[in-house]
Amino acid sequence: MTLRAGWLPPATAGLAVAALMGLPFLTLAPNRLVPGAPVGCGLAGAAAGALAAAAALLLAVSARPWRAWAALAAALAAWGVLLAAAGQGAASLVAGQPPAARAALGSGAWLAGLALAGLAAEAARAALPRRGGLLAAAVLLGVTGLAARDGLLDAVSLAVEYRARAGAVTTALVQHLALSGASLLLALAVAVPLSLLRLRDGPAARLADGVLSGIQVVPALALFAALVAGLSGLLALAPALRGLGLSAIGPTPAVIGTAAYLALPLVRGFSAGLAAADPAVLDAARAIGLTPREVLLRVRLPLGAPVLIGALRVAAVQGIGLATLGGLVGAGGLGAVVFEGMAQFAQDLILLGALPVIGLALAVDAGLALLAGAAPERGEEPA
Amino acid sequence: MTRRALTGRILAPLLLAVGLAVLSLPEVAGFVVRALGLQAGTPVPAGRLAWLARHHLALALAGFALAGGAGLALGILATRAAGASLRATLDTLAAAAQAAPPVVVVALALPVLGFGAPPILLALAAYGLMPVMRGTVGALATVPEEVRRAATALGLTPAQRLWRVELPLAAGPILEALRVVLVLAVATTAVGALAGAQTLGTPIVVGLQTQNTLALIQGAAAAAALAFLADAVWLGVMRVVGRVVGGRA
Numbered sequence: 001m002t003l004r005a006g007w008l009p010p011a012t013a014g015l016a017v018a019a020l021m022g023l024p025f026l027t028l029a030p031n032r033l034v035p036g037a038p039v040g041c042g043l044a045g046a047a048a049g050a051l052a053a054a055a056a057l058l059l060a061v062s063a064r065p066w067r068a069w070a071a072l073a074a075a076l077a078a079w080g081v082l083l084a085a086a087g088q089g090a091a092s093l094v095a096g097q098p099p100a101a102r103a104a105l106g107s108g109a110w111l112a113g114l115a116l117a118g119l120a121a122e123a124a125r126a127a128l129p130r131r132g133g134l135l136a137a138a139v140l141l142g143v144t145g146l147a148a149r150d151g152l153l154d155a156v157s158l159a160v161e162y163r164a165r166a167g168a169v170t171t172a173l174v175q176h177l178a179l180s181g182a183s184l185l186l187a188l189a190v191a192v193p194l195s196l197l198r199l200r201d202g203p204a205a206r207l208a209d210g211v212l213s214g215i216q217v218v219p220a221l222a223l224f225a226a227l228v229a230g231l232s233g234l235l236a237l238a239p240a241l242r243g244l245g246l247s248a249i250g251p252t253p254a255v256i257g258t259a260a261y262l263a264l265p266l267v268r269g270f271s272a273g274l275a276a277a278d279p280a281v282l283d284a285a286r287a288i289g290l291t292p293r294e295v296l297l298r299v300r301l302p303l304g305a306p307v308l309i310g311a312l313r314v315a316a317v318q319g320i321g322l323a324t325l326g327g328l329v330g331a332g333g334l335g336a337v338v339f340e341g342m343a344q345f346a347q348d349l350i351l352l353g354a355l356p357v358i359g360l361a362l363a364v365d366a367g368l369a370l371l372a373g374a375a376p377e378r379g380e381e382p383a
Numbered sequence: 384m385t386r387r388a389l390t391g392r393i394l395a396p397l398l399l400a401v402g403l404a405v406l407s408l409p410e411v412a413g414f415v416v417r418a419l420g421l422q423a424g425t426p427v428p429a430g431r432l433a434w435l436a437r438h439h440l441a442l443a444l445a446g447f448a449l450a451g452g453a454g455l456a457l458g459i460l461a462t463r464a465a466g467a468s469l470r471a472t473l474d475t476l477a478a479a480a481q482a483a484p485p486v487v488v489v490a491l492a493l494p495v496l497g498f499g500a501p502p503i504l505l506a507l508a509a510y511g512l513m514p515v516m517r518g519t520v521g522a523l524a525t526v527p528e529e530v531r532r533a534a535t536a537l538g539l540t541p542a543q544r545l546w547r548v549e550l551p552l553a554a555g556p557i558l559e560a561l562r563v564v565l566v567l568a569v570a571t572t573a574v575g576a577l578a579g580a581q582t583l584g585t586p587i588v589v590g591l592q593t594q595n596t597l598a599l600i601q602g603a604a605a606a607a608a609l610a611f612l613a614d615a616v617w618l619g620v621m622r623v624v625g626r627v628v629g630g631r632a
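Residue numbers (the numbering used here), protein chains in the order written: chain V, 1 to 383; chain P, 384 to 632.
Next comes chain V alone, as it looks inside the complex (with noise of 0.2 Å):
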């Protein structure tokens, strides 16, 4: 049994019920554009509440397992009976209205939501310490996308823009899946000779540790600027480099400049797993006769893993969040989205570019960090 924190749940599951009851659940607005008039939640927010401090009191009475699990269900009811209260309310809001009426989720429905996520993820993790919080991810996404499936939903503002753009952001998602896989490969790429030639400390690298510590004080937006500008600049003054597939405008300044930032965090961990290894075992496998590349391979390289994937998950995440800058140099990606939503003060298409983001970012984080964890408990199994 690990030591929780016992105030986190009712902490939570006293923001849910004020959430339902303080703020608008709803909001009816004539169309996409002007935001809307507030609607309560009524009956079933009270439900979504009362499960949710079920849960709470479940967690905090007593530490046996099967109370914790019960926890779990009843913070996922109250899941369940959100989305319901939700699709249903929208529903019910639009019936009767003109076609271009949005029921949109209002800011009580919103931070309910992510109590109730908290919670459930508390409870998974009370039950189950390792997985928990994956496993509460799972199901709350799996309820979500049954409810989504099945047309419950469908009468939600953020549901009627996702289905008049699904083309669009499926595309953005793509493309942002892209940006940021080969900005982390231009970044591997100079990451990985650059901790190499860290390992033997010498003016050269100090230069590059200087370098790539300055630009992390550039503004990225200036930065994307500068090349943009640049770039403009360099293929003015050579055309034949277009031939290559090189623009001022698109993917190019958006690769360079975010490889530009997830650089640092790189050159950095991946010095430090390097170095990870005690100098008597470096002594031994000397001794046993290693070439120094089988000493980077089958030593440094081993025992520096965890060290070098948790680098890779911080420039893994970074570069999810900076490719979003991307849309302003017409990079595309989910960032474009996002600034077509903002100029027009669509805070739906706002929401379909913003969301998909954070889930990468999270996917990504806790993807990683599973790799990570896999590394030392496959060493701990006997033999």
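Calculated from the structure, these hints are not laboratory results. Quick caveat, the model's predicted, so the values are computed rather than measured. Don't be surprised by glycine CBs; every beta carbon is placed ideally from N, CA and C. You can trust all of the hints, since none of them are fake.
Derived Cβ-Cβ restraints for the label pairs, each shown as a range:
#	chain 1	residue 1	chain 2	residue 2	range
1	P	521	V	35	36 to 44 Å
2	P	543	V	185	52 to 60 Å
3	P	479	V	174	23 to 31 Å
If you only want the chain V side, here are some residues facing chain P, beta carbon under 7 Å, derived:
#	residue
4	217
5	229
6	236
7	321
8	324
9	328
10	338
11	347
12	350
13	357
14	362
Please build the complex by placing chain P on the supplied structure of chain V, with the hints as guidance.
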């Protein structure tokens, strides 16, 4: 870091700041743009640039004060006996806060808070809070337990122990965490231009939209100059504080 190395660390960002500030002047930037063989658009007058820089700095400092103040307070609370349970959730929250980059926070806040300063202030506070909090917790954890016990044995109250023993001993790493967050705040404030805040990001965004390379270069150079200047000034502050704390010991 030795005092001499720290002087070197101050000089590099200071020189970069001065160089970039010169580059942001309309005449110099115009010369560079023409030298690159590009079409120069309408320049941003130096006076307007200075006004934007003042606005930019005020916003960044307000966001830094929000994030720094709250982060320090929460960090100190988390290391007191009463707040010990807070520490377990710190890492989870830190990861969650990193998943929503400032641009996304600004975009999400725009429909709720409207155009202008509030969205970027929210993003600065949200993004800076966790690094300060974690830095404070980590710095206070470096104070040896024997020192803490000795302070209690000397009859210091918990508040006196915090102010006269723990914080001075942990000042270095805390100031370093605050430096990172200050530089981050000055750099990130440029993004506020997307939500209509008047910052040095404004000429960049307008320049990108109207393909005015001159305004774009001026804004980018000025924004970077301000970030390097903030870095240099804070390093200077750290040097002075290091001398005071070191002199007392």
